[in-house]
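*Asks:* So the chains spell out like this:
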Amino acid sequence: MAERVSAEQGHADLGKVDRIAKIWGTRTPYGREERWPVRVDQVLAEGVEESEVERWVQSACVLCSNGCGIDIAVKDGTMVGVRGRAADRVNHGRLGPKGLFASWQAMNSPDRLTTPMIRQDGELVPCDWDTAMERIVQRSRHLLQTKGPLSHGFYTSGQLFLEEYYAQAIVGKAGIGTPHMDGNTRLCTATAATALKESFGSDGQPGSYRDIDACDAMFLFGHNMAETQTVLWARVLDRLAGPDKPRLVCVDPRDTDVARHAEVHLALKPGTNLALMHGLVRELFVNGWIDEDYIRRHTMNVEELRSTVEPWTPQEVARTCGVDAQDVRRAAEIFGTSERVLSTVLQGFYQSSQATASSCAVNNLHLLRGLIGKPGSGILQMNGQPTAQNNRECGADGDLSGFRNWENPQHVQELAQLWNVDPATIPHWAPPTHAMQIFRYVEQGSIQFLWVSATNPVVSLPELPRIRDILASRGLFLVVQDLYLTETAQYADVVLPAAGWGEKTGTFTNVDRTVHLSQKAVDPPGQARSDLETFIDYSRRMGFTQLDGSPLLDWQGPEEAFEAWKLCTRGRPCDYSALSYQALRGGSGVPWPCTEQQPGGTERLYTDGVFNTDPDYCETYGHDLLTGGTVGPQAYKAMNPAGRAIFKTAPYHPTHETPDTGYPFRYTTGRTAYHFHTRTKTGRSPQLNAAAPQAWVEISAVDAATGGLNEGDIVSVESRRGHITAALRISDVREGTIFAPFHYGYWDEGGTPATEHRAANELTLTEWDPVSKQPVLKNAAVRLRKVADAEGPALAPTTTASHPTTHSHHAARSRRVVPTTGGPAALASEEFPPAAPSDDPASKEQP
Amino acid sequence: MNLSTYLSLLEKSESTLAESFRQVAEGHGHEPDVHFICQTLAKQCDEHQRALQPIVRRYGQGDVDDEPERLHADGLSETRKGPLGLLRDLQDLYLLASLVDITWTMVKQAGQGLRDEELLDVVRACEEETEKQLKWLSTRMKQAAPQALLIAE
Chain S
7 MAERVSAEQG
17 HADLGKVDRI
27 AKIWGTRTPY
37 GREERWPVRV
47 DQVLAEGVEE
57 SEVERWVQSA
67 CVLCSNGCGI
77 DIAVKDGTMV
87 GVRGRAADRV
97 NHGRLGPKGL
107 FASWQAMNSP
117 DRLTTPMIRQ
127 DGELVPCDWD
137 TAMERIVQRS
147 RHLLQTKGPL
157 SHGFYTSGQL
167 FLEEYYAQAI
177 VGKAGIGTPH
187 MDGNTRLCTA
197 TAATALKESF
207 GSDGQPGSYR
217 DIDACDAMFL
227 FGHNMAETQT
237 VLWARVLDRL
247 AGPDKPRLVC
257 VDPRDTDVAR
267 HAEVHLALKP
277 GTNLALMHGL
287 VRELFVNGWI
297 DEDYIRRHTM
307 NVEELRSTVE
317 PWTPQEVART
327 CGVDAQDVRR
337 AAEIFGTSER
347 VLSTVLQGFY
357 QSSQATASSC
367 AVNNLHLLRG
377 LIGKPGSGIL
387 QMNGQPTAQN
397 NRECGADGDL
407 SGFRNWENPQ
417 HVQELAQLWN
427 VDPATIPHWA
437 PPTHAMQIFR
447 YVEQGSIQFL
457 WVSATNPVVS
467 LPELPRIRDI
477 LASRGLFLVV
487 QDLYLTETAQ
497 YADVVLPAAG
507 WGEKTGTFTN
517 VDRTVHLSQK
527 AVDPPGQARS
537 DLETFIDYSR
547 RMGFTQLDGS
557 PLLDWQGPEE
567 AFEAWKLCTR
577 GRPCDYSALS
587 YQALRGGSGV
597 PWPCTEQQPG
607 GTERLYTDGV
617 FNTDPDYCET
627 YGHDLLTGGT
637 VGPQAYKAMN
647 PAGRAIFKTA
657 PYHPTHETPD
667 TGYPFRYTTG
677 RTAYHFHTRT
687 KTGRSPQLNA
697 AAPQAWVEIS
707 AVDAATGGLN
717 EGDIVSVESR
727 RGHITAALRI
737 SDVREGTIFA
747 PFHYGYWDEG
757 GTPATEHRAA
767 NELTLTEWDP
777 VSKQPVLKNA
787 AVRLRKVADA
797 EGPALAPTTT
807 ASHPTTHSHH
817 AARSRRVVPT
827 TGGPAALASE
837 EFPPAAPSDD
847 PASKEQP
Chain E
77 MNLSTYLSLL
87 EKSESTLAES
97 FRQVAEGHGH
107 EPDVHFICQT
117 LAKQCDEHQR
127 ALQPIVRRYG
137 QGDVDDEPER
147 LHADGLSETR
157 KGPLGLLRDL
167 QDLYLLASLV
177 DITWTMVKQA
187 GQGLRDEELL
197 DVVRACEEET
207 EKQLKWLSTR
217 MKQAAPQALL
227 IAE
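Listed in order, the protein sequences are those of chains S and E. Note that the first sequence covers residues 7 to 853 in the working numbering. Note that the second sequence covers residues 77 to 229 in the working numbering.
Looking at chain S on its own, in the form it has when it is part of the complex:
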């Protein structure tokens, strides 16, 4: 990549860069344990000069899970641009294309929802808040009286603020008393949370982004960081461009930018992650690359792990995974012999077969070498969404608030005291109902009231033909709370317009536990309201009370909610007790736990090798990873974990749906750098939409040649459940595999699918991991047939994993594909100020 080098210290270089063409911006190389240089990225609306900006309002970005500190430019009561916060520990001033171009522009979109709507004679018609809320409350009350709390389900998001999740959790658990609460976090981070709970006793990210600065080797497991967290990848690229660069290993069936920079690329068959992981773990045992002393003092169950991985020789891995045995040995050697190793894990593992077992295997690799809780040695079980962590903490996903254990009566009692309610109200008699089961209960007619907030299941859940039928069922009362009239909102009985980012104040927490304050910069459009106001309003109208008769939720605003949350977390792993809105204003975000003893926050967990597995403290007693059966309190206490981490594993089994003669290809889905989720925001940014305007499917050059297919041909991809039609990109995806981006739905194509389907989830399978309950979105058997000749190349980005094939002997089949650029509209400035970021928790100034 021909890019400028960083400016000299002290010299402020102001340049503009096409950030559609250069996703990761300009390199600022740095060496091991040096401070990642600051680069301040900024973009303003066309025609707005910096001098015209009236105020900059502090926030953080919500267009991925990275959590970049961001300032919002305001002029005439409108958001007119953004700038990265130089002082923030997460991004040191940088922003990615989605933050630059979607965060504020999407909010200014003319098709925002501005009034509530109710269904009248089959049509959604605008109404006022009283009418909409009364309709909800009437139905809700009626069902509670006649059917009880199990008639209610809530399906929320990874994109609300902490205060909103906590309100929703209290309403659901202590007001209604339903276990049927989950979020789309089930699709993105459920496995991250579960793997951490199973290995370490509770949720909570062990590592820190600063481990990138200090590591000697990096392993990215099913993590296309280059496209999912572009600013984090910029940090890695800067280390790779500097001295003492880390060795890089990539596990991914696609030719991502990560793969292209990797020393070893294990392009395994989708669905075989666990077999590969067993092979890597076995190599550590066989070669003695383990820390016996650490294992003895800080872990348990090592013998079970050793016997489970025993059959997985490199040759056996090669046979099952379709990778080179020598590459397995090389990767294991890098893990086994590098001084400091950082691993990251994402959807390639989380949305695949045996997700929890594979992700726990990453934890196992680190535990075997004692590479945890030390600078440069860490684990980042990544999140997919910006505020997913808060959903997990607050329990709007069904878990008990504050990482409490639903099987521990003392934990239930603590919550009942905090909320001043009868503990019997709080559902704790069975595991919380996961998303796919909630939809199953809707399908069976036992959940008749479903409240969906800030998510779009009609595009994002597996097997869409089924999901559409479920949401269209006559007995269901559907409430949808969103910024736009999404595909899902079109099925609603009541639509509630939400205030979004920059229009409300609240906090949220990123992958490495960094808490940010996001402040209100402008008023929401029309009658749109924050989700917090809506939940409090619902609770008040329903008459939910505490034991003394006072309102269940009596908060006057988000800051009061945050103060209540601090009480809920005191003494728990996610301790916010020394944080405040005031402490979060100015400077950098702060990583929890943040306590009186650690007022500046905590960089890494488990530095002392003591884990959260004590039976009185842990968030779960654990599960059998093959079936998901619970271990239970008695057996867990008998194990006596006593603060030791637990090696959890399961035998490998092949995916349940495998290619056959009728459906010969393996189908996998994923992301592109230019879009987020179902494009509700990114599709409304002209720059991002132009970069990836239309769905496509990818096939390898070899498979294209076999099938006589050319770049841009219109193809139909079919599974046993549905079909999609899209233009073909001949890329460097693994042979035998077909990839489709999952972002594309129908809201900008007339709302609902007619005959031409394009949503990747038309084809996927209703199946989930037995422990994390995360749907297996990355495996299906499909067939492909040509529908029409190409009229031009597929409109898939060339800057990402969807780049045209680089195998020259096949390149003739690819038509001349125009490189993805953004032109003048995509220019953003980069500034290289001399100031160092104040990102060290220990040195953070206290207010």
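Do not rely on the hints blindly, as some may be mistaken.
What the hints assert, rightly or not - Distance ranges between label pairs, derived from CB positions:
| hint | chain 1 | residue 1 | chain 2 | residue 2 | range |
| --- | --- | --- | --- | --- | --- |
| 1 | E | G136 | S | P471 | 53 to 63 Å |
| 2 | E | I178 | S | R125 | 52 to 62 Å |
| 3 | E | L226 | S | E566 | 29 to 39 Å |
| 4 | S | E755 | E | R156 | 39 to 49 Å |
| 5 | S | E310 | E | Q137 | 27 to 37 Å |
What the hints assert, rightly or not - Listing some non-contacts, in silico: residues in chain S with all C-beta distances to chain E over 12 Å:
| hint | residue |
| --- | --- |
| 6 | L50 |
| 7 | R446 |
| 8 | L491 |
| 9 | E509 |
| 10 | E663 |
These are computed hints drawn from the structure, not numbers from a lab. Even for Gly, the Cβ is constructed at its ideal location relative to N, Cα and C.
Given the structure of chain S, go ahead and fit chain E onto it with the hints provided.
*Replies:* Leaving out everything else, chain E in the frame of chain S:
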């Protein structure tokens, strides 16, 4: 020696359980977790029977007339329908798996008395899986019970 009777009982009950897991997997295909996990567990039961073969060869087949069945655990002839039907079918599986579980325990007692290491190795490998089958069944039933008993049609 009556151990052969118990080995036969174990073989037969593992075989009945395998068949019943398959029956439930097919009958409740709309519950994907039940569908796939029951298939996996059926294969475990097949493996248990295979692992028992060398032991059975040494101690011989028990004569069915030695101790005829009084309580008949014939397995599921067909699956039920709906949420309550799912719960009842899982509960039947639980009963069959419990029979397998306690039979392994009795065979283990005999193995210890005989100091038969080969037999004890087989027990060790299999009884833990049976225990996990029971845990899964109980977990899944606890999840399903409130909805099935209180609100489902």
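*Asks:* Among the hints numbered above, which are violated by the structure, and what are their numbers in rising order?
*Replies:* 7 and 10
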